[in-house]
Structure formats: structure tokens, C-alpha cells
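Q: This is what each chain is made of:
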Amino acid sequence: MKLVLGYLYPSVMSQYGDRGNVLTIVQRCAWRGIDVEVDSLEIGDRVNPDRVDLLLMGGGADSHQRLVYEDLLNVKGDAIRKGIAEGAAAFAVCAGYQLWGHFYKTAGGDELRGLGVFDAHTIHRAAQTGIRLDTIELAGSVRAVGNLVVQWGPYVLVGFENHGGRTYLHDGSSSLGSVLRGGGNNSEDGREGCVVGNAIGTYMHGPAFPKNPALADHLIRAALSRRYGTVDLVPLDDGNEDTAHDRALEQATARPKWWWRRLSDGVG
Amino acid sequence: MSADNLRQSTGSATWPTRAGAVSVGKSVRYLSRTLGRGGGTVLPGLVASRFDRGLLTSLARELPNGCVIVTGTNGKTTTTRMLAEASRAAGLHVITNPEGSNLLSGIATALLIKTNAQGRLKVPATAIGIFEVDEGVLGPAIEALDPRLVVVTNLFRDQLDRYFEVDFVAGLWRRGLRRLRSDATVVLNADDPAVSFLGDGLSANVIYFGLDDQKWGKPGLEHAADSRRCPRCDQDLRYELSFYAHLGHYACKECGWRRQDPEFTARNVMLDRAAGSSSLIRTPAGERLLQVPLAGLYNAYNALAAAAGASCLGISPDLFQAAVRASTGAFGRLEPVRIGAKQAVLLLVKNPSGFTEALRLMMSVGPQVRLIFGLNDNEPDGRDVSWIWDVDFEQCRERISYLAVSGTRANDLALRLKYAGIVTSRGELIGGPSDSPDALTQKHMLVDEDMTRSFFTVVEQAPVGAVVYVLSSYTAMWTLRSALVRRGYLAPFWRQTATLPDAGQARAVPAGRQAHADQGSAP
Chain A
1 MKLVLGYLYP
11 SVMSQYGDRG
21 NVLTIVQRCA
31 WRGIDVEVDS
41 LEIGDRVNPD
51 RVDLLLMGGG
61 ADSHQRLVYE
71 DLLNVKGDAI
81 RKGIAEGAAA
91 FAVCAGYQLW
101 GHFYKTAGGD
111 ELRGLGVFDA
121 HTIHRAAQTG
131 IRLDTIELAG
141 SVRAVGNLVV
151 QWGPYVLVGF
161 ENHGGRTYLH
171 DGSSSLGSVL
181 RGGGNNSEDG
191 REGCVVGNAI
201 GTYMHGPAFP
211 KNPALADHLI
221 RAALSRRYGT
231 VDLVPLDDGN
241 EDTAHDRALE
251 QATARPKWWW
261 RRLSDGVG
Chain B
269 MSADNLRQST
279 GSATWPTRAG
289 AVSVGKSVRY
299 LSRTLGRGGG
309 TVLPGLVASR
319 FDRGLLTSLA
329 RELPNGCVIV
339 TGTNGKTTTT
349 RMLAEASRAA
359 GLHVITNPEG
369 SNLLSGIATA
379 LLIKTNAQGR
389 LKVPATAIGI
399 FEVDEGVLGP
409 AIEALDPRLV
419 VVTNLFRDQL
429 DRYFEVDFVA
439 GLWRRGLRRL
449 RSDATVVLNA
459 DDPAVSFLGD
469 GLSANVIYFG
479 LDDQKWGKPG
489 LEHAADSRRC
499 PRCDQDLRYE
509 LSFYAHLGHY
519 ACKECGWRRQ
529 DPEFTARNVM
539 LDRAAGSSSL
549 IRTPAGERLL
559 QVPLAGLYNA
569 YNALAAAAGA
579 SCLGISPDLF
589 QAAVRASTGA
599 FGRLEPVRIG
609 AKQAVLLLVK
619 NPSGFTEALR
629 LMMSVGPQVR
639 LIFGLNDNEP
649 DGRDVSWIWD
659 VDFEQCRERI
669 SYLAVSGTRA
679 NDLALRLKYA
689 GIVTSRGELI
699 GGPSDSPDAL
709 TQKHMLVDED
719 MTRSFFTVVE
729 QAPVGAVVYV
739 LSSYTAMWTL
749 RSALVRRGYL
759 APFWRQTATL
769 PDAGQARAVP
779 AGRQAHADQG
789 SAP
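Quick note, the sequences are listed as chains A and B, same order. Each residue of the first sequence is one higher than the one before, counting from 1 in my numbering. Each residue of the second sequence is one higher than the one before, counting from 269 in my numbering.
It is possible that part of the hints are untrue.
Claimed, not checked - SDA-like cross-link-like pairs, simulated, lysine to any residue; straight-line CA separation at most 25 Å:
hint : chain 1 : residue 1 : chain 2 : residue 2
1    : A       : Lys105    : B       : Lys486
2    : B       : Lys486    : B       : Asp529
3    : B       : Lys486    : A       : Asp71
4    : B       : Lys711    : A       : Pro10
5    : B       : Lys486    : B       : Cys523
6    : B       : Lys521    : A       : Ile43
7    : A       : Lys2      : A       : Val36
8    : B       : Lys521    : A       : Asp71
9    : A       : Lys105    : B       : Phe436
10   : B       : Lys382    : B       : Asp414
11   : B       : Lys486    : A       : Gly87
12   : B       : Lys486    : A       : Gly197
13   : B       : Lys521    : A       : Lys2
14   : A       : Lys2      : A       : Glu86
15   : B       : Lys711    : A       : Lys105
16   : B       : Lys382    : B       : Asp502
17   : A       : Lys82     : A       : Thr243
18   : A       : Lys2      : B       : Thr692
19   : B       : Lys483    : B       : Val315
20   : B       : Lys521    : A       : Leu67
21   : B       : Lys486    : A       : Ser40
22   : B       : Lys521    : B       : Lys390
23   : A       : Lys105    : B       : Arg497
24   : A       : Lys2      : A       : Gly197
25   : A       : Lys105    : B       : Thr692
26   : A       : Lys105    : A       : Val26
27   : B       : Lys390    : B       : Ala438
28   : B       : Lys521    : A       : Ser63
29   : A       : Lys2      : B       : Arg497
30   : B       : Lys521    : A       : Pro10
None of these hints come from the bench; they were simulated from the model.
Here chain A stands alone, though its shape is the one from the complex:
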């Protein structure tokens, strides 16, 4: 079996270790004897919807989003939408997630049009509140930053979020799961991420796949199903994955010690 992974904008949109998601897919397939070809899809490169089985897009700053959004719309948009409609799998994180909705209004108030794969839109908190991001404190005040824990079906996903945008799902679109810790889509409705067919959008960095192997395998299975029908993946020894997941979950749900948070600012 072979899986073609389309890695969208690796040089611009992979700011928060999201490259780890690519490594995870490549390794988990290799351990099972599944060949993986990684296509780097930079600005200007076209997407072949018949070739790519799984698309990954990571996070980036507002300025990075401005750089890629026209290319995403005009060069790759139709092919991505076609691929998703025909059952290709996708995982879009943070800035990637935002640009796959209908639009993203940046901190500066510009409206970037999105792909519209997800029936959702995003507004930066600074644009909602009119706060100017002149200092570290002000910039911090509008962001959702911290561990993110999400109930996804029977699984508890654990990762990290760091975003200024607030995403609102439109009526009838389904979320990835419900927020157990953290802000999720908008810190208001307790929902996180968005799912359309085999495409998942989420705010979860960490990166998401290594510590949540069920999620990685779900996408591998979904990506292969288009070509090979229902696929049974050989179970792997996920001892390290599970331990790292469980420890991260413990740390994410433990109460931070107030005095440490106070004092630690001075030693950094």
C-alpha cells in the first residue's frame, strides 16, 4: 500500500512543531510497511487531487497567513475542495484551520478569504475588542494559550493551543469534540475543531499526532480508504505514546501553583 501526503507550505506554515505530524504519519506507516511519499506543496505548487491522499497544513503567524492565502485560494483551492469532496483526508491546524473556513479577520482588521471547506469563520480577538497589540501583556491578553484537552469520541486528545483568532462554526457543521481544558474554537461554546468528511480542522498543536496515536491512525485509515476500501491497520506498540499522553494529561489538568507562576516570571 502507498499513501501520498501533501504537506502544505512546509517553509511558511509549520511554526509550532507541526512538522511532527508529518514525521508521525511517515513513521507509523513505515512501521506497518506502508509506503509514504511526501509532496511539499509550497507557494506556486499545484495540488493534484487524484494523487494526494492526505493533506497537512500547520500553523503560522498572521503575516504568514497573508503570504499564503491568495495562493491557497487561487492556485490550490479548487483541487483541495475536489480532493476533500472525493474522500481525501486532511488535517489543518491553527492558522491552517482558520484559512480553511469562510474567512479570517486578522488582528489588524483585514479580512482574508478562506477555502470554505469548513462551514465556519474566524475573527481575531483583537479585531473583536479593538485592543492594540503594543506590548507583550496586551498581546497575551487576547490569546488563548495553554494546554488543550478535547473529548473526541471515546478518546481524550491532549495538546497545546496558542491563537488569537476565535472560530465560530455555522449551523449544522460538526465539531471535532468538546473542550475539557483550554479555550478551543472560541472559549465560549465549549467546542473544538471542525470535521467535514475526512477533513479535520483544529487548534491543537503539540504536535497533535505523536501523543494522540488514535487520531493519527484514524487519518491514515481515512486516507487509505479512498484507494483501498476499509483498511485494518496493524496495531503498534504505543507504550511511549500512551505514557507521554497520560503524563501530559496529568500536567494539563493539574492546578498550576500560583506562587510558581508569580515568581517564575522573574527567572525567565
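Following the hints, complete the assembly by docking chain B onto the known chain A.
A: Showing chain B alone in chain A's frame:
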């Protein structure tokens, strides 16, 4: 009323407040040291500044030779140290803040311990402040200290949960540097596009430094590069040479903006594995051979930044040369520790580019290395540990003879190393120790969140004469270092930096430090 008048008038009107604030600060420091809660390098300034908001500004104004600020993502501690040592060699009385205490409160503490009962600075006429400043507070630090010189080393992705985005930090710096007075000087890294562009349109004097050595350059960019875009027009930069991360020789394809020709360059850079480097430094005053006893290309960069800074302070190249040759690693920067007949070297790693460079250095010290990786997710480390996935661990495949992972996120490291192809899912090192003649190597990676326990386990199992390298994030290093201090292997960090001898004893610096290290190594 101008801002300056305001500052002066509040300064004079509140001097009894200042004396009070200063004595409260000193009491806090006394208590903190007596109770053994650390060096008291932050809290005194923090508390005293609560009583007198203008404290830092008014104390800094009393420094007879003004202030120097060193900032940047990586290398600011080492650069500050080199600059401080060169200044001491030149006869200046240097007031500096110890490692880590690089927010305004740490600088305030460094100054307030030098005051008399009235809260006035009690320093000789040769006194100068040389401060390392956290990248998040450059603007407020410039406003408070009104420095004559600012050195910016580089801008990498670091602690995204605290600083958010690289562009955001560049914006903060740009606004901060605009507050400099026009006769001040800014020393910038020409090889880092985001840092170099800070000089654009600045009213202060701008001086550049950069590497001029083809053999350390590669064509193209590596993954840990954070700045690939032209800061002027946002288009792709074309790299003729890249040294590491996004440092190199570049030009914009679109607008033609390119690397500045630096006034200070290093060429003929020779790296001597873990021992250090030598290079020819070209300055407007001529060319000198510079020997840096700290390993790695990044320390050659730090020395070059310090050379440019020292020249701006009027320190002669000869004095600088001598001072740097005698310099030693700062807190956790290639800091050596002797444990009986074995040796450990501590390296602080904070971000993808720094970690990748540290690993590259490890790969140059020998065919196989003993490594301990430490990772915590406390605030000073960054609560987000995603960045380890941007570190190039893959270069260490089959090169590690003994491996331990530690810290609160030891399991995240273990997982990263599994996906890097360094260990199997059962934690066995792939292709390493089995082929090694060294009988005392372990087949399994040690996973133990307790940093101190892992350290002593690895050191105990190492053969006599072996070197163990510890690459660790901030608070994990802090924990380990405190344990080493308690057991007498190291001197407390505040004693190392705060009591460096002044000019008269400058020549005794290396000998004195050596004595420290020897004392520490006594079993």
C-alpha cells in the same frame, strides 16, 4: 513638561521614598539569601520598584559611564559576559545582572545593591552598567536605562507561548529602538535579516557584524530557519550561503534589499571541537586573531558581537582579545563540572535553533557521545513543548552511546527520539552501543523525570574519564545545578557573576575561576 523633566522632578522630590525603597529591597535580599531561597537577584528589585516606580531610571542615570544593553534570542548571556570581561580588563567597574535575572526587576536589583543608605549609587567614576535584557522588555529597558549602546545578537523562534510570533518580537524591538537617543549606537547582526532590518531608518548610529567565511556556509536553508522572508517587501529571500538556521548571506529577489556589508567580520573560522574556535576578526581598527575558548560556531558569533560592542566602548582590540581568551562558560553554557574522575558539561537549550546547534556540536566531539536531555514545561522553559519536533535529532542516529531523558516532559522527549529513529519503542538505542567497544554503555534509554537522579545515574555508570553532556531547558538545568551546588560540585551562580573581580585583579580572573572549579570537583 517634557518626559525628561518629569523624570527628573519625580526623581528629586521622592528621594526619601527612594532611600526607603532601597532599604526594603536590601532587606528582601538579605532574607532571601539567609533563608536559602536563592540568590535574591530578582525579588529585591521587584519589591523596591513597587515603593518607588522611578527607581530603575534614577539609579541608571547615576551611572558615570552609562549603560549597555545586550538582547537577542540566543547568545545574550555569553555576549554580555564577554563584553563585561573586556570592560573590566579596560579598567571599567562593571555592574551587571546575573544570568536569568534579565527583566527590569533583575537590573534594578543589580543596581540597588550598589547604593548607600540614602539610596544613591555608591560606585567609582569608572562604573558602567552592562545588562542582558529579555527580548520581551527591550522597549521598557531602553526607556528606563537610556543606554549608550545596544547589541542585538539574533532573533529565533523561542517560547511561542510567551512571545507568540517572531514578527511580533521584531515589531517590539523596532518600536523599542526608536526610543534610543540619536548619539547612541546599535550593534546588529548583518547575517540575520530580521535583526539587520532593525537598522533601517534608525536615528541612532548603526554598526553591523557578520561572518565572512564560505566554508561554514551551505546553499539553501535548513528546517530550523525562522526568517525566510524579506523584512522590507515580504518576498522570498535568496540565500547565497546559510551558516545555521536563517543566518547567512542573502538578498531579496524582488526589492533588492540585501545583507549589509558589516564593519566587523570574522573569517578563517576554525572550530576545535569542544575546545573552542579561532578566527580572524576584521575591525575598523585592523585585523586580530581571536581565540574563543567556547565551542561552536554560535559562540564565534557571540564573540564577534562582543568585539563590535567593545570597540564602540573604545576598548582596544588587544585588551578584548586577551579578555575573551580567558572567558569561561556562563550558567549552563558549556559549563564544565568535574564529578570525581568523570566530567560533565552543561548546555542550556531553549529553542529549535539553539538545540539543533548544540546537537551539531555534540556530533563534532567524537564518534559517540553520552547525552542527557532535560525538558521541563514551566513558565521560564515555555509551557509549550511542541518545539522539540523542530529540533534536528535525526542527525544523532547511531551516534549516542548512552542516553537519558529527564524533566517533567521526559516522556515527550522519549517519544520524539523514537520518531527520530534513535530508540525503538522499547527504548533500545538503535545501532549505537552494541557496536561500541565501550563495555559500560547501556542498551536502554533511561527515562526518569527527576533531573538530579538521572544525572548521577548516568555519571555513575560512565567509565572513568568519560564526559557526559547535559542538554537541558531552563528550569530543569536550574534544578540540576542547584543540586550540584548543594553537593559542592559547583559555585552558586550569583557568586560566579556578582563577585567577579574588578579591573585591578583582571589578570587573576582565569586563575581564580579555575580555583573555583577545582574546589568544586573535590569529592
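Q: Which earlier hints can't be squared with this structure?
A: Violated hints: 1, 3, 4, 11, 12, 13, 15, 16, 17, 19, 22, 25, 26, 27, 29; rest satisfied.
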